[in-house]
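S.K.: Chain by chain, the residues:
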Amino acid sequence: MTWIVRDLWLIPALPAFAAGLSALARQRNRGFAASLAIGSMGLSFLLALCAFAHTLASSGHGEPAVKVFNFPWLQYGSEWLKLGWMLDPLTAVMLIMVTFVGLLIFIYSTGYMAHDENFTRFFCFLSLFAAAMLGVVIANSLLLLFMCWELVGLTSYLLIGFWYQKPAAAAAAKKAFITTRIGDLAFLIGIVWLYSQAGTLLFYDNGAGCLEHSTLMRLIVQTTCIGMAASTGIALLIFAGAVGKSGQVPLHVWLPDAMEGPTPVSALIHAATMVAAGVFLVARVYPLMSAHGGVNLAPSSTTALQVVTWIGAITAVFAALIAVAQDDIKRILAYSTVSQLGYMMMGLGVGGVAVGMFHLITHAFFKALLFLGAGSVIHGCHEEQDIRRMGGLKRFMPITFATYAAGMLALCGFPLFFSGFWSKDAILHAAQAWSISRVPFYLGSFGALLTAFYMTRQVYYVFFGESRLARHSHQSHSTDAEHHAHGVSDSPHESPAVMTMPLVILAAFAILLGVIGTPAWPWFDSFLKGEPATFNFAGFLESGILRVMLFSSIIVILGLGLGWWFYGRKPIVSAEEPDALERLQPQIFDLLRHKFYVDEFYQDTFIRWNGWLSHVSDWLDRWIWNGAVWAVSYFVLGLSWLARSADTYVVNPGFDEGCRTVTAGGKLLARLQNGRTQNYLRLVGVAFAILVAFLIWSGVQ
Amino acid sequence: MTPLTSCLLLSALLFAIGLAGALMRRNAILVLIGIELMLNAANLNFIAFWRYGPNPEALTGMMFAIFSIGVAAAEAAVGLALIISLYRHTKTTNIDEVNSMRG
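Residue numbers (our numbering), protein chains in the order written: chain A, 64 to 764; chain B, 13 to 115.
What the hints contain is simulated information worked out from the structure, not anything from laboratory work.
Honestly, I wouldn't trust all of these hints.
[Unchecked claim] To list a few chain B residues with every Cβ distance to chain A over 10 Å, as calculated:
(1) T14
(2) L16
(3) G82
(4) A84
(5) A85
[As the list claims (entries may be wrong)] Taking CB as the label site, the calculated pair distances span:
(6) L94/B - D719/A: 44 to 52 Å
(7) I29/B - T724/A: 40 to 48 Å
(8) Y99/B - R745/A: 19 to 27 Å
(9) L94/B - I759/A: 32 to 40 Å
(10) N111/B - T724/A: 21 to 29 Å
(11) A24/B - S761/A: 22 to 30 Å
(12) R63/B - L735/A: 40 to 48 Å
(13) A727/A - A24/B: 39 to 47 Å
(14) I759/A - M74/B: 27 to 35 Å
(15) P15/B - L735/A: 38 to 46 Å
(16) Y697/A - R114/B: 54 to 62 Å
[Claimed, not checked] With the C-beta cut set under 8 Å, the calculated list includes, among others, these residues of chain B facing chain A:
(17) L31
(18) L35
(19) D108
(20) N111
(21) S112
C-beta: ideal position from N, C-alpha, C; glycine also.
Work out the full structure, taking the sequences as your base and the hints as a guide.
M.R.: Following this line, the structure appears as structure tokens:
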């Protein structure tokens, strides 16, 4: 066992250690906290590179190399619960992505949060998040994964509600936590079911793990009462956890509200890493999801994976539709994230681990880039977040514009040069070849059209035209950090180098990452499968790849063109004028702007039922449980009253009577001793006479 | 009735009178007198038993009586001293009032 596999635990432990130390630091030790966080993340990145190198060296032999390190953790009776970590190609790529993107965002945050007084707390929470996320990635045990999963949820709550004095932020944090909790409950039930059937929660354990062949065969055969195989049931429950964490419909409602947190948080947690944890989970338990009894069935035709695909496809289109009508720059990106997560799930469902994970990796880079760019825009516009009040920023913030444009084109999937094209294409190609139905393919294509459309809309609103910034726009509704020294100059300005450097690096990756996933050199796919990768242009000529590439290119150009038609031809002049689409179809636009009224629906049903339930519980608590407690206490009081009465009216007088008798007796006897000698002598005389008489009488006898 | 019996009756009577006086008189001096009377009755008993006993010529009875009178005299002196001391303390000779030792 090489040192890196044994010491893989260091990768999450270093940020955790940084978080612990930062928690003890004072608020004014900013440099300490930031350097701890960035330093530990940098070290974790280096270790991740070592792990990646190790995996590279030991791959390419046909089977993906999985190295594990398991240890017994908790003993109950004669059983041991074991935990462990693992290193395989999937882990390695996720580690690199999380540590690298995390490092860049940490560096960005030193600039973005420079004016915030809770700087140290921010970096403490960020480090804790990084530790938890890395724990999720390396976990070999579903239990360890779940523990770190919950910790990720906690840190997400802490970071969304970072500016907790703002009621909207506190409410958003609560909403995020509760919504993901619903998914986590199903996840936990799945874990318990899996443990009861498989006897272990370790993924890989020399043949005895729950993702290994023998256990999977056992799980396929067992059926529940409704005829569903145990493997399907467990897989669906675990997927429910992913639905919550990755914001799939119907549990997507927390992601847009989570934009109340600072922008680096949105970039790291709600674009690149935490929401990707759900997708990663599905990829991790893919053997369970794709386990089937038949020999000739494709892996993507199991019930569990069908559910994953449908939910992914529906989410992709649903969220893209909503994003068309949003006005907050971060909300658009949030719904875009939800939509892209739907794509990833769809990719996992129709095409397998490599397809979904490739999109996850590319998405992490360009979405983080877009969010950080949005943060740069917000920072430069003095905390303005409404795109109707921005404009013309191309002139004022050139670096931000260039990198944002790169990210936008990658997200839309602009042909050939941007990584998003290759990853989305892989998904669409797999969807087109899906044996169950073509509908996800059509939904995915429609979603791609919408993506191009709304991103173009956003870019035209924000960067082109004339500046619509209100001259006195110190909108303090978004953050508390407006103690800028900007003073007189109200015009937007470019962000400092500490913020634009990460943008440039991410943009470079958004473009270059496409290289590892082209059909000519499917390195990513082969790496995850453990096969050697070959460079071969003939890969383009395989079954329908060129057709799909052409089709998706047309879709993207069409979307960009539509966006230009509506928003680019005539520059948008004022902030109050209605949206071009709104003028065309006001009712539909309104429906989309109100997010299909999903939040209101939930409020009227589940939240109201929950309120009713809490009233019932309160009544029960007040009258039934409380009543029982009262009954016991009154009973005891009654007993004590009885005791007191017995004491006062029975025991005490009896005792007093006795004492009085003794006193009277004493008084009587005391009269004998009256101090008069003559009396004593009289008594002696009488007694003597009696004694003599008695003696004589007995003597006579 | 022999002369011995009548002497013994007389001394018994005197003893009883003396006892009654000692036990029932209020004045301390009268109590002393009673005690003297009791002692003298005892003396009379001695003399009677000497005179009417087996050996009247020996002086035994008379020796007894003289010793007894001597002891009685000493004891009367002590008693009187006690009474005087008591009178100086309590200013009364009524022994009913000397009850400070009562319980």
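S.K.: Against this structure, judge whether each hint is valid.
M.R.: Hint check:
| no. | hint | result |
| --- | --- | --- |
| 1 | T14 | holds (23 Å) |
| 2 | L16 | holds (21 Å) |
| 3 | G82 | holds (24 Å) |
| 4 | A84 | holds (18 Å) |
| 5 | A85 | holds (22 Å) |
| 6 | L94/B - D719/A: 44 to 52 Å | holds (46 Å) |
| 7 | I29/B - T724/A: 40 to 48 Å | holds (44 Å) |
| 8 | Y99/B - R745/A: 19 to 27 Å | holds (23 Å) |
| 9 | L94/B - I759/A: 32 to 40 Å | holds (35 Å) |
| 10 | N111/B - T724/A: 21 to 29 Å | holds (27 Å) |
| 11 | A24/B - S761/A: 22 to 30 Å | holds (23 Å) |
| 12 | R63/B - L735/A: 40 to 48 Å | holds (44 Å) |
| 13 | A727/A - A24/B: 39 to 47 Å | holds (43 Å) |
| 14 | I759/A - M74/B: 27 to 35 Å | holds (32 Å) |
| 15 | P15/B - L735/A: 38 to 46 Å | holds (45 Å) |
| 16 | Y697/A - R114/B: 54 to 62 Å | holds (59 Å) |
| 17 | L31 | holds (7 Å) |
| 18 | L35 | holds (5 Å) |
| 19 | D108 | holds (6 Å) |
| 20 | N111 | holds (3 Å) |
| 21 | S112 | holds (6 Å) |
In this structure, every one of the numbered hints holds.
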